[in-house]
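Going line by line, the protein sequences match chains A and B.
With my numbering applied, the first sequence covers 1 to 150.
With my numbering applied, the second sequence covers 1 to 779.
Treat the hints with caution; some may be incorrect.
One side only, chain A facing chain B, incomplete, derived with CB under 7 Å [claimed, not checked]:
id, residue
1, Gly-78
2, Gly-83
3, Ile-84
4, Gly-86
5, Gly-90
6, Ala-92
7, Asn-93
8, Asn-106
9, Ser-108
10, Thr-111
11, Leu-132
Hints were generated in silico from the structure; no laboratory data involved.
Where is the CB? At the ideal position from N, CA and C, for every residue including glycine.
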Amino acid sequence: MDLSGEYRIPASRERVWEFLNDPDILKQCIPGCEAIAKDGDDKFSATVVLRIGPMKVRFTGNVSLTDKVYPESYRISGEGSGGIAGHAKGGANVRLTQDGSETILNYSVDTHIGGKIAQLGSRLISSTSKKLADQFFGKFTEVASQSVSA
Amino acid sequence: MGIEGIGARVARKEDKRFITGKGRYTDDMSVPGMKHAHFVRSPHPHATITGIDKSAAENMPGVIAVLDGEQMATDGIGNLICGWMIHSKDGSPMKMGAWRPLAQKTVRYVGDGVVVVIAETKSQARDAAEKVVVSYEELPSVVEAVDAIEPGAPQLHPEAENNLIYDWEIGDSSAADKAIAEAAHVTEIEITNNRLSPNPMEPRAALGHYDGGEDHYTLWTTSQNPHVARLVLSAFYNVAPENKLRVIAPDVGGGFGSKIYIYPEEIVCLWASKRAGVPVKWVSDRTEAFMTDAHGRDHVSKVKMAFDANNRITGLKVDTIANLGAYMSLFSSSVPTYLYATLLSGQYAIPAIHCNVRTVYTNTVPVDAYRGAGRPEATYLLERTGETAARELGVSPAELRRANFVRSFPYQTPVIMCYDAGDYETSLNAAMKAADWDGIGARKAEAASRGKKRGIGMSCYIEACGIAPSAAVGSLGAGVGLWESAEVRVNAVGTIEILTGSHSHGQGHETTFAQLVAERFGVPIDSVSIVHGDTDKVQMGMGTYGSRSGAVGMSAIVKALDKVEAKAKKIAAHLMEADEGDIVIENGALKVAGTDKNVPWFQMALAAYTAHNLPSGMEPGLKEGAFYDPTNFTFPAGCYICEVEVDPDTGKTEVIQFVAADDFGNIINPMIVEGQVHGGIAQGIGQALLEGVRYDADGQLLTASYMDYCMPRADDLPSFNVSTSNTPCPGNPLGIKGCGEAGAIGSPPALINAITDAIGNNNLSMPATPEKVWAAANA
Numbered sequence: 001m002d003l004s005g006e007y008r009i010p011a012s013r014e015r016v017w018e019f020l021n022d023p024d025i026l027k028q029c030i031p032g033c034e035a036i037a038k039d040g041d042d043k044f045s046a047t048v049v050l051r052i053g054p055m056k057v058r059f060t061g062n063v064s065l066t067d068k069v070y071p072e073s074y075r076i077s078g079e080g081s082g083g084i085a086g087h088a089k090g091g092a093n094v095r096l097t098q099d100g101s102e103t104i105l106n107y108s109v110d111t112h113i114g115g116k117i118a119q120l121g122s123r124l125i126s127s128t129s130k131k132l133a134d135q136f137f138g139k140f141t142e143v144a145s146q147s148v149s150a
Numbered sequence: 001m002g003i004e005g006i007g008a009r010v011a012r013k014e015d016k017r018f019i020t021g022k023g024r025y026t027d028d029m030s031v032p033g034m035k036h037a038h039f040v041r042s043p044h045p046h047a048t049i050t051g052i053d054k055s056a057a058e059n060m061p062g063v064i065a066v067l068d069g070e071q072m073a074t075d076g077i078g079n080l081i082c083g084w085m086i087h088s089k090d091g092s093p094m095k096m097g098a099w100r101p102l103a104q105k106t107v108r109y110v111g112d113g114v115v116v117v118i119a120e121t122k123s124q125a126r127d128a129a130e131k132v133v134v135s136y137e138e139l140p141s142v143v144e145a146v147d148a149i150e151p152g153a154p155q156l157h158p159e160a161e162n163n164l165i166y167d168w169e170i171g172d173s174s175a176a177d178k179a180i181a182e183a184a185h186v187t188e189i190e191i192t193n194n195r196l197s198p199n200p201m202e203p204r205a206a207l208g209h210y211d212g213g214e215d216h217y218t219l220w221t222t223s224q225n226p227h228v229a230r231l232v233l234s235a236f237y238n239v240a241p242e243n244k245l246r247v248i249a250p251d252v253g254g255g256f257g258s259k260i261y262i263y264p265e266e267i268v269c270l271w272a273s274k275r276a277g278v279p280v281k282w283v284s285d286r287t288e289a290f291m292t293d294a295h296g297r298d299h300v301s302k303v304k305m306a307f308d309a310n311n312r313i314t315g316l317k318v319d320t321i322a323n324l325g326a327y328m329s330l331f332s333s334s335v336p337t338y339l340y341a342t343l344l345s346g347q348y349a350i351p352a353i354h355c356n357v358r359t360v361y362t363n364t365v366p367v368d369a370y371r372g373a374g375r376p377e378a379t380y381l382l383e384r385t386g387e388t389a390a391r392e393l394g395v396s397p398a399e400l401r402r403a404n405f406v407r408s409f410p411y412q413t414p415v416i417m418c419y420d421a422g423d424y425e426t427s428l429n430a431a432m433k434a435a436d437w438d439g440i441g442a443r444k445a446e447a448a449s450r451g452k453k454r455g456i457g458m459s460c461y462i463e464a465c466g467i468a469p470s471a472a473v474g475s476l477g478a479g480v481g482l483w484e485s486a487e488v489r490v491n492a493v494g495t496i497e498i499l500t501g502s503h504s505h506g507q508g509h510e511t512t513f514a515q516l517v518a519e520r521f522g523v524p525i526d527s528v529s530i531v532h533g534d535t536d537k538v539q540m541g542m543g544t545y546g547s548r549s550g551a552v553g554m555s556a557i558v559k560a561l562d563k564v565e566a567k568a569k570k571i572a573a574h575l576m577e578a579d580e581g582d583i584v585i586e587n588g589a590l591k592v593a594g595t596d597k598n599v600p601w602f603q604m605a606l607a608a609y610t611a612h613n614l615p616s617g618m619e620p621g622l623k624e625g626a627f628y629d630p631t632n633f634t635f636p637a638g639c640y641i642c643e644v645e646v647d648p649d650t651g652k653t654e655v656i657q658f659v660a661a662d663d664f665g666n667i668i669n670p671m672i673v674e675g676q677v678h679g680g681i682a683q684g685i686g687q688a689l690l691e692g693v694r695y696d697a698d699g700q701l702l703t704a705s706y707m708d709y710c711m712p713r714a715d716d717l718p719s720f721n722v723s724t725s726n727t728p729c730p731g732n733p734l735g736i737k738g739c740g741e742a743g744a745i746g747s748p749p750a751l752i753n754a755i756t757d758a759i760g761n762n763n764l765s766m767p768a769t770p771e772k773v774w775a776a777a778n779a
């Protein structure tokens, strides 16, 4: 399952890059994120609660930032286990382009799910992923905009 | 026939308890101290197990034991096996990879069992199972059979290079090639037979009970063949020797093949009942059933059919790849070989046939027999190819079939089977008349005036039932004989118990088998009880599948009844001081023919047991047993016609009418036969229109609930128009052929032929969902 989108953020590319690497900002933006802790350079552990169709699943797993090209692009990826509900992994390739005083953020997301989530919720993964991506990047745009105006 | 004898439309005796909720299924069984099992299953299609941490689970409330595959291995429990040996054409034996009841080291499909948790309650077992931490290292996986044999595909079993289990052939390759080379016309087509989930109404269940005092095991299980289960559990899995193991299959709510096999869960429940010291029950939930019940079909075939200038079929060449899933299930190897390719002559005289079959491992649920088992695959392939040929040749599909029918019997096909009797033209004519085949033009025009596309399609099927002559199947690789046993016990009051190795899980044996006795002795069917499904009561039997219970199971009863009748006549003759040759049995009495002298049946029975006045030297009592080994398969055949209307805007197909004209030989109970045909057609329409197991590219099962796996419902089906003709089977004493699978075998090609006729595009695969039909109609 792949999907992509684009957001415009009223901030410089370097500021947006900083936010994208800030665990506190990521925690605010990741939908259902209960906790996030930095385990090392570009490595975090996280607990995220997600609703997928009839299931409410608490995932515990790792988030990592890879393929970093300052201040242009990186990949944020996560892998989590939801216990008996199954497992999920996925990531987003994020690309930043300066456009005057603003930054255009392009992303493309891929998700892989397994176990009960796949058996019962596969029909809903596409719409759920789209919704989650919108929530994440929408919130991120909002937070980044506020930080700039503040 | 009497009012309850052979041919009578008797209401089913067993239905009273089923429709009033009084059935007794495995989940209804309870023994003191019984605990509950829940399985921890692999969420990955292919992975290495790097660790199992059971400590948290073991400390959960109510937990009695948390057991894994290493412990099973330590206790010497054997691998699951496939009981039918197939040799590749190079002479090498099939490559059977190890299947552990609980996975060790490697998991190979989503649903592979890894750990079992046993707890006081079902909920506690499930909660504790969530706390078992299994660490996996994921491996690449493969789902489609055609991908699995490509170079570089992920490898499932070290025993099977390139995932190839066997590369088998039947028939004469060069003769088929020659026919194709010399043909006036060759029809080429690629045929896919979709993967199905069997979905019996009652999910699988097992209750294992180890009695330490007697060192004896009892297993209640949802089995179509409890004796075979006991044999395999004893001989291969080292659970217990046969005399220390009782297997009971009580009321079973449908099987469709999926309950023939021995599954890991039964073995685990038995083993765990000793290991944990408590009786252990497991009941599958529906999603577990989708993940673990053996699937059916999943073939991809390339077909070439050759015709001469007179439209006679001169040759057939088939290349099939069959997906057997992650492990070889109990009879999986026989389904795409001897139950499939031996039927590729269909109803037609085809001088040259060759079929090559490659079976492969994939990271999917094991695949085995499902209602029809191989014969639906053969019928679908032939009847789609024949229909396609008729369209290419510009001739009537009915006349093309008629011109190629086998017309004299016995007929030896080039692919082992020898058809004993049949009259295919009678079925074809009956179906065409019932469907008003000739009036389709007007109906198409009328539908077109409403913006709908109407189409009609037919299918002429043949199948092989009554499996099977033991020596013949033994020579083909079967690990068992396929005879059946029966015992007839006449009680001192004249009531009768029939003990049979045929298991009933919806077939209505308690009625039909009793009708057979009523016919012979003139006793009411209420005085006849059918005992089955318990290895402590019935000595041995081979169970119910392949439409064999009538042709084989009842034939064994006939043999035992013959012996009872002979002794009863001797007793009656002695009592009446008549010659035993003059005794006839009528209306529940033994009479001296041509006189009014008679002894009622019960009085004769009482005399057998009081033994006060028996012929000199005769043993007391009246109880006889028999084993019956069939001399040939039986060959039910028929013609099915389906008429559909497609909405070109939505692609939705409506089945307007469905006609079935079957030849089942003699019939014991027409109502039960009609029920079997109705159910079979419903399943066939399900396969053709609605059902399909789907995996995603990562090997995850996507169809694991009724939200995603579409079963046929009443409003998907028309009122069926069924009729029968009769060429009695010469191979068994009752002249019956079997009817359990015909509906599921004959119906899918008729439906797809009808839809492709309606939309004018022959390129359509099952299931013909609205999306696919719309795309094909608008291509």
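Does the nearest C-beta of chain B fall within a distance shorter than 7 Å of the C-beta of A:Asn-106?
-> Since the shortest Cβ distance to chain B is 25 Å, the answer is violated.
When the least beta-carbon distance from A:Thr-111 to chain B is tested against 7 Å, hint result = violated (10 Å)
Satisfaction of the A:Ile-84 interface hint, Cβ to chain B closer than 7 Å = holds (4 Å)
Going by Cβ atoms only, is A:Ala-92 closer than 7 Å to chain B?
-> Result: violated, 18 Å to nearest chain B Cβ.
Return the status of the interface hint for A:Gly-78: holds when the least beta-carbon distance to chain B is below 7 Å, violated otherwise.
-> violated (16 Å)
Have a go at the A:Leu-132 hint: is there a Cβ in chain B nearer than 7 Å to its own Cβ?
-> violated (19 Å)
Interface restraint verdict for A:Gly-86 against chain B (beta-carbon cut-off 7 Å) | Status holds, d = 5 Å.
With chain B as the partner, please determine if A:Gly-83 meets the hint condition of a C-beta pair closer than 7 Å.
-> holds (5 Å)
Measuring from the C-beta of A:Asn-93 to each C-beta in chain B, is the shortest one below 7 Å?
-> Status violated, d = 19 Å.
Interface hint outcome for A:Gly-90 [beta carbon to chain B under 7 Å] | violated (12 Å)
Tell me if A:Ser-108 is really an interface residue toward chain B, meaning its C-beta lies closer than 7 Å to one of theirs.
-> violated (18 Å)
Going down the numbered hints, you'll see the structure goes against 1, 5, 6, 7, 8, 9, 10, 11, while the others check out.
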